[in-house]
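Chemist: Chains X and W, in that order, give the protein sequences. All residue numbers for the first sequence refer to my numbering, where the first residue is 3 and numbers rise by one. All residue numbers for the second sequence refer to my numbering, where the first residue is 20 and numbers rise by one.
The reader is advised that the hints may include incorrect statements.
[Claimed, not checked] Partner residues are not named here, just some residues of chain W that face chain X (Cβ under 7 Å, in silico): (1) Leu177; (2) Ile180; (3) Ser184; (4) Arg198; (5) Val199; (6) Ile201; (7) Asp202; (8) Arg215; (9) Tyr216; (10) Val217; (11) Phe218; (12) Val219; (13) Arg222; (14) Asp223; (15) Glu229.
The set of hints was computed from the structure by calculation and includes no laboratory data. C-beta: ideal position from N, C-alpha, C; glycine also.
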Amino acid sequence: MLKTMLGERFSNIWYVGEVSEEGVDKIVQYLTDFSSKAVSRVRLRFYIDKPGNISYLDKVRRILLHNTSLSIVVEERLVDELQKDLASIEDEVILIRDRQSPLEIQVTERVRVIEVG
Amino acid sequence: MCPEKIDIILTTDRTMMSNHHGKEFLGFMATGPAIGMPEDLWMWIAAPKMKTDEFGRPWQAPYALRKLEALLIDHGYNAAVIDPDHVDKYLPNAKILMLSHHDYFALCPPSSEWWIVTKKEPVNAKSFKKFMEKPSIREAKKNGLKIIVGGPSAWQWLYKIDLWSRWMVDTVVDGEGERVTIDLVKRVFNGEPLPRYVFVGPRDVPSIEEIPLIKYASINGLVEIMRGCPRGCKFCSVTLRSLRHVPLEMIEKEIMINVQQGVRNGILHSEDVLLYGARGININPDALIKLHQMARIHLNEIAWSHASLAAIKNAEEKYKLISRIMEIVKSNGVQNYLGVEVGLETGSPRLAKKIMPAKSLPYPAESWPEVVEDAFIIMHENHIIPAATIILGLPEETPEDLAQTAELIDRLRPYRSLIVPMFFVPMGVLKNKDWFTDIKITDEHIEVMRRCLWHSIHWAEDIVNRFYLNKPGMAPLKFMLKTFLRYVRWKGRIVERKLGLTPIQTSAAPVVRQP
Chain X
3 MLKTMLGERF
13 SNIWYVGEVS
23 EEGVDKIVQY
33 LTDFSSKAVS
43 RVRLRFYIDK
53 PGNISYLDKV
63 RRILLHNTSL
73 SIVVEERLVD
83 ELQKDLASIE
93 DEVILIRDRQ
103 SPLEIQVTER
113 VRVIEVG
Chain W
20 MCPEKIDIIL
30 TTDRTMMSNH
40 HGKEFLGFMA
50 TGPAIGMPED
60 LWMWIAAPKM
70 KTDEFGRPWQ
80 APYALRKLEA
90 LLIDHGYNAA
100 VIDPDHVDKY
110 LPNAKILMLS
120 HHDYFALCPP
130 SSEWWIVTKK
140 EPVNAKSFKK
150 FMEKPSIREA
160 KKNGLKIIVG
170 GPSAWQWLYK
180 IDLWSRWMVD
190 TVVDGEGERV
200 TIDLVKRVFN
210 GEPLPRYVFV
220 GPRDVPSIEE
230 IPLIKYASIN
240 GLVEIMRGCP
250 RGCKFCSVTL
260 RSLRHVPLEM
270 IEKEIMINVQ
280 QGVRNGILHS
290 EDVLLYGARG
300 ININPDALIK
310 LHQMARIHLN
320 EIAWSHASLA
330 AIKNAEEKYK
340 LISRIMEIVK
350 SNGVQNYLGV
360 EVGLETGSPR
370 LAKKIMPAKS
380 LPYPAESWPE
390 VVEDAFIIMH
400 ENHIIPAATI
410 ILGLPEETPE
420 DLAQTAELID
430 RLRPYRSLIV
440 PMFFVPMGVL
450 KNKDWFTDIK
460 ITDEHIEVMR
470 RCLWHSIHWA
480 EDIVNRFYLN
490 KPGMAPLKFM
500 LKTFLRYVRW
510 KGRIVERKLG
520 LTPIQTSAAP
530 VVRQP
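Based on the sequences and whatever the hints tell you, model everything.
Modeler: Spelled out as structure tokens, the structure:
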């Protein structure tokens, strides 16, 4: 029986706003932390304003190329969906937020907000 | 029976969907630009069209695509590998287009070397771009087709975000795909969003039991005998994956599938064939003898994909195993040589110790040049023809390292082989559009490169005449290759004169081994 990967448990890092070098450094910091805690899968979710805008990958490239130990899934969601997603989370989420982003974020005990920029 | 509608099309461009006239090594020409001849002729030599059935299904297809095809069929999906010239008729009704490639954008060696040296884009990248620009793909995207790409060069998409966006690729999968492919396909069928990128880490690689058997023939009968590598070289990503040995009965079943479909030659694929069945780097003679005896029963010609020079030396010195295996290989009276790719990488013990400390095991890294030379002697005496790679431009490299590499190549002159230099391209450089102009080639690099050139031209003529294309049906191809070799010899001399270099004099004499 084939085990499927996406159905496994993932640690979550979400990112809202313009992706910056500082934000990428934060992601790297958390990935290092995850690796040291024997976490093996991470989901990086980027909230974007336009469907199909993948320019953030230019910044995220260095994370993906340097990683060898973790399974990483990168996904996108429209920024409009953030509140709904926050309301329905089941696991802890690290939410990296660009300070310039005008979005109001409802902080719950499952969301750890890290501000950058 | 192939239905008129295929839900999942698996394919790639022509340079990958070709059996290279049944001569795997000719496929390397697809990593270069056309040199000294029109591009169509170059493509005919490097990557002739694959024979297909009436539905456009290729006779032989890349092994990775065959594995995914089998996985999808086993899970009840309507999936098939389709030749790139025949995908148009299936695209309007397909749900997913899955692509795989060894080198999508010609950023891996040896494509990158060709590009650096000639400043011309290699045909593999041109051919892939031509495929992706098909109006039929753009039209199908408008109707909801999903494009999922993978393969060993999946990482290259991270440097081609403009093309990722332009061609509307939905998902890039980097790593062994067995455990994630079905997830992705289910999402498409359920109308759920796909992730943009997936990296399959070491914990998510499939076990042997999860790897399906191919259902149709692979290119030149390639079958996997192992996954992963224990040697841990710093420049290689395969070493990050766990080592798994494919049981003999699974290998035999796949060989039989190829043979039943008319592919009577086979390539045993592993990063180090001589470690089949081994514990770490301790060779398992029984497993290797059984493997070759089984392959000998079914195949006309056997080849190895890769072997390490240390294992070649160790196998012969400890067990006389190379001689025994070659006796088996030659025992059908048809095969008189065996081809393999080997990693020479450097002639510098200092550099060897730094970048590949375990590559020389069980011998110390300090003795790497002797390991190389001994392995070349063993291969020469046993009619094993290696295509050896050398890495140039490593960050730690010094002129002294390169001088030692040049000296070693001179010492290897008496041994039948091809030696191919490859440039280490730092990832950061690839961000630039004209990255191939940013690589600094030093005088010492040129010395190594021209030694490789003359060594390889010298032996290529011998190999083409006596081993590689010695059957009457290969005469046109042989003529083309010999003409090409003459052109390269002529051009090489012109370039040397232009650079003010005197021809290389090598006085290396064949080594007489002590009994």
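Chemist: A closest beta-carbon separation below 7 Å is what the hint needs, so does Phe218 (chain W) meet it against chain X?
Modeler: With a minimum Cβ separation of about 4 Å from chain X (threshold 7 Å), the hint on Phe218 (chain W) holds.
Chemist: The hint names Val219 (chain W) as touching chain X; please verify it with the least Cβ-Cβ distance against 7 Å.
Modeler: Because about 6 Å separates Val219 (chain W) from the closest Cβ in chain X, which is inside the 7 Å limit, the hint holds.
Chemist: Do the numbers back the hint for Arg215 (chain W), that is, is its least Cβ distance to chain X under 7 Å?
Modeler: Since chain X brings a Cβ to about 5 Å from Arg215 (chain W), closer than 7 Å, the hint holds.
Chemist: Does the nearest C-beta of chain X fall within a distance shorter than 7 Å of the C-beta of Glu229 (chain W)?
Modeler: holds, 5 Å
Chemist: Quick one, is the Asp202 (chain W) hint okay against chain X at 7 Å, beta carbons?
Modeler: Holds: closest Cβ of chain X sits about 4 Å from Asp202 (chain W), inside 7 Å.
Chemist: Would you settle whether the hint for Tyr216 (chain W) is holds or violated, based on the nearest Cβ-Cβ distance to chain X being less than 7 Å?
Modeler: holds, 4 Å
Chemist: Under the criterion of a CB-CB separation shorter than 7 Å, is Val199 (chain W) in contact with chain X as hinted?
Modeler: holds, 5 Å
Chemist: Against chain X, with CB atoms and a cut of 7 Å, does the hint on Ser184 (chain W) hold up?
Modeler: holds, 6 Å
Chemist: Under 7 Å, Cβ to Cβ, is where Leu177 (chain W) needs to be relative to chain X, so tell me if that hint holds or is violated.
Modeler: Holds, because the Cβ-Cβ distance from Leu177 (chain W) to chain X comes to roughly 5 Å (cut-off 7 Å).
Chemist: Would the stated hint for Arg198 (chain W) survive a check requiring a Cβ distance to chain X of less than 7 Å?
Modeler: Since chain X brings a Cβ to about 4 Å from Arg198 (chain W), closer than 7 Å, the hint holds.
Chemist: Does the nearest C-beta of chain X fall within a distance shorter than 7 Å of the C-beta of Arg222 (chain W)?
Modeler: The hint holds - Arg222 (chain W) has a Cβ within 7 Å of chain X, the shortest such distance being about 4 Å.
Chemist: Tell me if the interface restraint on Asp223 (chain W) is satisfied: Cβ within less than 7 Å of some Cβ in chain X.
Modeler: Result: holds, 5 Å to nearest chain X Cβ.
Taken one by one, the earlier hints all hold for this structure without exception.
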